[in-house]
Amino acid sequence: MTPVSETTRVSEDTKPSGPTFVFNWVGRVGLAVILFWALVALAGPFLSPYPPGEIVDWDYFGPVSSDYWMGTDYLGRDIFSRIIMGARYTVGIALAAVTLACTIGVVLGMIAAVAGGWFDMILSRFLDAYNGIPSLLFGLVVVAAVGSSILVLVLTLTAIYMPGSYRFARALAVNINTMDFVTVARARGEGTPYLITREIFPNILGPVLADLGLRFVFIVLVLSGLSFLGLGVQPPNADWGALVRENIEGLSFGAPAVIFPSVAIASLTISVNMFIDNLPTRIRDRSE
Amino acid sequence: MPRSLLPYFLVLQRLGIALLTLVIVSFAVFFATALLPGDVAEILLGQAATPEAVAGLREAMGLDEPALSRFIGWLVGLLHGDMGTSYVNNMEVADLIGGRLSNSLRLAGVTTLVSVPIALTLGICAAMWRGSIFDRVVSILTISVISVPEFMVATLSVLIFAVWLGWLPALSYGVDVDSWSAVLRAYAMPVISLSFVVSAQMIRMTRAAVIETINTPYVEMALLKGASLPRQVLRHALPNALGPIANAVALSLSYLVGGVIIVETIFNYPGVAKLMVDAVSTRDLPLIQSCAMIFCVSYLSLITLADVIAVLSNPRLRR
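Protein chains in written order, with our numbering: chain S, 73 to 360; chain A, 12 to 330.
In case anyone wonders, no lab produced these hints; they're calculated from the structure.
Be a bit skeptical, because a hint or two may be false.
Unchecked claim - Computed spacing ranges between beta-carbons, pair by pair:
{"id": "1", "chain 1": "S", "residue 1": "269", "chain 2": "A", "residue 2": "323", "range": "28 to 36 angstroms"}
{"id": "2", "chain 1": "A", "residue 1": "67", "chain 2": "S", "residue 2": "123", "range": "45 to 53 angstroms"}
{"id": "3", "chain 1": "S", "residue 1": "101", "chain 2": "A", "residue 2": "109", "range": "48 to 56 angstroms"}
{"id": "4", "chain 1": "A", "residue 1": "124", "chain 2": "S", "residue 2": "123", "range": "47 to 55 angstroms"}
{"id": "5", "chain 1": "S", "residue 1": "164", "chain 2": "A", "residue 2": "323", "range": "43 to 51 angstroms"}
{"id": "6", "chain 1": "A", "residue 1": "175", "chain 2": "S", "residue 2": "274", "range": "49 to 57 angstroms"}
{"id": "7", "chain 1": "A", "residue 1": "148", "chain 2": "S", "residue 2": "221", "range": "38 to 46 angstroms"}
{"id": "8", "chain 1": "S", "residue 1": "137", "chain 2": "A", "residue 2": "196", "range": "31 to 39 angstroms"}
{"id": "9", "chain 1": "A", "residue 1": "83", "chain 2": "S", "residue 2": "189", "range": "27 to 35 angstroms"}
{"id": "10", "chain 1": "S", "residue 1": "164", "chain 2": "A", "residue 2": "150", "range": "28 to 36 angstroms"}
{"id": "11", "chain 1": "S", "residue 1": "121", "chain 2": "A", "residue 2": "79", "range": "54 to 62 angstroms"}
{"id": "12", "chain 1": "A", "residue 1": "78", "chain 2": "S", "residue 2": "137", "range": "55 to 63 angstroms"}
{"id": "13", "chain 1": "S", "residue 1": "191", "chain 2": "A", "residue 2": "88", "range": "33 to 41 angstroms"}
{"id": "14", "chain 1": "A", "residue 1": "150", "chain 2": "S", "residue 2": "264", "range": "42 to 50 angstroms"}
To be verified - Listed below are several chain S residues computed to face chain A (Cβ distance under 7 angstroms; list not exhaustive):
{"id": "15", "residue": "98"}
{"id": "16", "residue": "204"}
{"id": "17", "residue": "214"}
{"id": "18", "residue": "301"}
C-beta atoms are modelled at their ideal positions from N, C-alpha and C, and glycine is treated no differently.
Sequences and hints are given; from them, build the entire structure.
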């Protein structure tokens, strides 16, 4: 009996109880900024000092002042309030698109890896071909064809980033699929759904979540790009990219109305990158 | 098959895949612009159109034919250089694009000439002095450029070089300029912004490629026999990293496609991308189709070029 209890004790001692899951300060700053924007997006209307569509100042491109913390835009609307409302569009659309893209991509990727055969081949070839279309161009063409609405934006962004997610999940799942415990499960007669949900998915979850974060950044970038071209969120609503576009005339004299929305985008994308880069390797590279 | 022919077989395979991809991509573009929007004849004639007029126009435009034959007809026309007629002003699309294309290519060419040498130098130096302050500054700068939208890089360069420093004009003033200094001033802002976007990727990938070869035993051997750091890197590591670096350059240049769309819009540069963005707002579908195909073909060729270089530069495939 003694050896048994000893082994249990040893395994309890070596169990990484903390250190591997502690983020360093760069990761913490990233996480803090992400949570900040999530909170702003949720609590938007309660935080903004003015209604975002109201013209509060008759002077356009006003400077930073105690009344208007981030100046006013080309119509004299309060930029601070508009950025807070813009957070809803930027964060909301990107979050919806990334969730859809990764769910579809990961499910298809796991099915392709486990099922293999013609399903895998046709799907992989087809989605690889999608890679031949630059993402911004794809968005441009779709918006040109069907016009721009929030639903169209979400679906377009999903369509752009689903193939990448598929490829990522498929590569991970193919690795896991060859491991002994999957072979054992298959040998005892488990079906594809069981293999996917109980054997493969838990083992690729960590890297998939890290990939989801990076994909979120790409989606924010493309969404802002589309809005900047005037093809994203339509006026009077505006996400951060649209805010930059609206006020681009103020650029030549350095108006705060151009600078602050840009800073908002950068703060979100850079902090997600910081957070993902500093994830404990235990989570990020679990299968490697 | 003899082993020595393997690389060429792989290259042929890549080219075949690229061709297949091009067909699928062109179908996607055609599907999105010709089938998705609904009835083009109705869009063209507007709200007040009578059903007879719509039917007449539809027949005249050949919209009654099945989608597949329309697609093939469009593709064959494209191959012969017939891009159709613009909906908006009834001009030949080929005429509209002609001059614009050379403008865009000039912008892309100048950017390539500026960014490739700078990016390679920075990438190789960062790899050589890995972990130094220089390396860290370069890393932080490139990550920042990659994680923000292209338009932000452009607005930031305008803010710095045109507004705060006052060195350059904020907007590009077209291309009909006569003196060299005027050319320089007109091109400076778009080229600077685009170079930032393209170089950031290139620097990172070059650095990674060189570091990978520095970690090999034969470079360690060079270190042990007492070769200096530049000699280790330039003489021993670099020749073997050339393939991956060329691959990185071609891949990074494919970022030009996305970057050019933003940069031409911001600086009002008369290129294909500006033409296409304007066409999107007027829903001029034939023009959009052709512009989209131009971009897809250039993007695909760069990616395929990167693939082919990667295959040909790998001597292990030839052994």
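Hints, verified against the model:
1. Separated by about 44 angstroms at the C-beta atoms, residue 269 of chain S and residue 323 of chain A break the suggested range of 28 to 36 angstroms.
2. The hint said 45 to 53 angstroms for the Cβ distance between residue 67 of chain A and residue 123 of chain S, and at roughly 50 angstroms that hint holds.
3. Taking 48 to 56 angstroms as the suggested C-beta distance range, the pair residue 101 of chain S and residue 109 of chain A conforms, at roughly 51 angstroms.
4. Residue 124 of chain A and residue 123 of chain S have their C-beta atoms about 50 angstroms apart, which keeps the hinted 47 to 55 angstroms range intact.
5. The supplied range of 43 to 51 angstroms is met by residue 164 of chain S and residue 323 of chain A, whose beta-carbon atoms lie about 46 angstroms from each other.
6. A hinted range of 49 to 57 angstroms holds for the C-beta pair residue 175 of chain A and residue 274 of chain S, which are about 53 angstroms apart.
7. With their beta carbons about 43 angstroms apart, residue 148 of chain A and residue 221 of chain S fall inside the hinted range of 38 to 46 angstroms.
8. In this structure, residue 137 of chain S and residue 196 of chain A meet the distance hint of 31 to 39 angstroms, their C-beta atoms being roughly 35 angstroms apart.
9. Against the hinted window of 27 to 35 angstroms, the Cβ-Cβ separation of residue 83 of chain A and residue 189 of chain S comes to about 31 angstroms, which satisfies the hint.
10. With their beta carbons about 32 angstroms apart, residue 164 of chain S and residue 150 of chain A fall inside the hinted range of 28 to 36 angstroms.
11. Here the CB-CB span from residue 121 of chain S to residue 79 of chain A is close to 58 angstroms, well matched to the stated 54 to 62 angstroms.
12. Judged by the Cβ atoms, the range 55 to 63 angstroms given for residue 78 of chain A and residue 137 of chain S holds: they are separated by roughly 58 angstroms.
13. The hinted window of 33 to 41 angstroms between residue 191 of chain S and residue 88 of chain A holds, with their beta carbons roughly 36 angstroms apart.
14. Take residue 150 of chain A and residue 264 of chain S: their Cβ atoms lie about 43 angstroms apart, and the range 42 to 50 angstroms holds.
15. A least Cβ separation of about 11 angstroms between residue 98 of chain S and chain A goes past the 7 angstroms threshold, and the interface hint is therefore violated.
16. For residue 204 of chain S, the shortest C-beta to C-beta distance to chain A is roughly 4 angstroms, which falls under 7 angstroms, so the interface hint holds.
17. A hinted interface residue such as residue 214 of chain S counts as satisfied when its beta carbon comes closer than 7 angstroms to some beta carbon of chain A; here the least separation is about 6 angstroms, so the hint holds.
18. Interface hint at residue 301 of chain S: satisfied, since its Cβ lies 6 angstroms from the closest Cβ of chain A, which is below the 7 angstroms cut-off.
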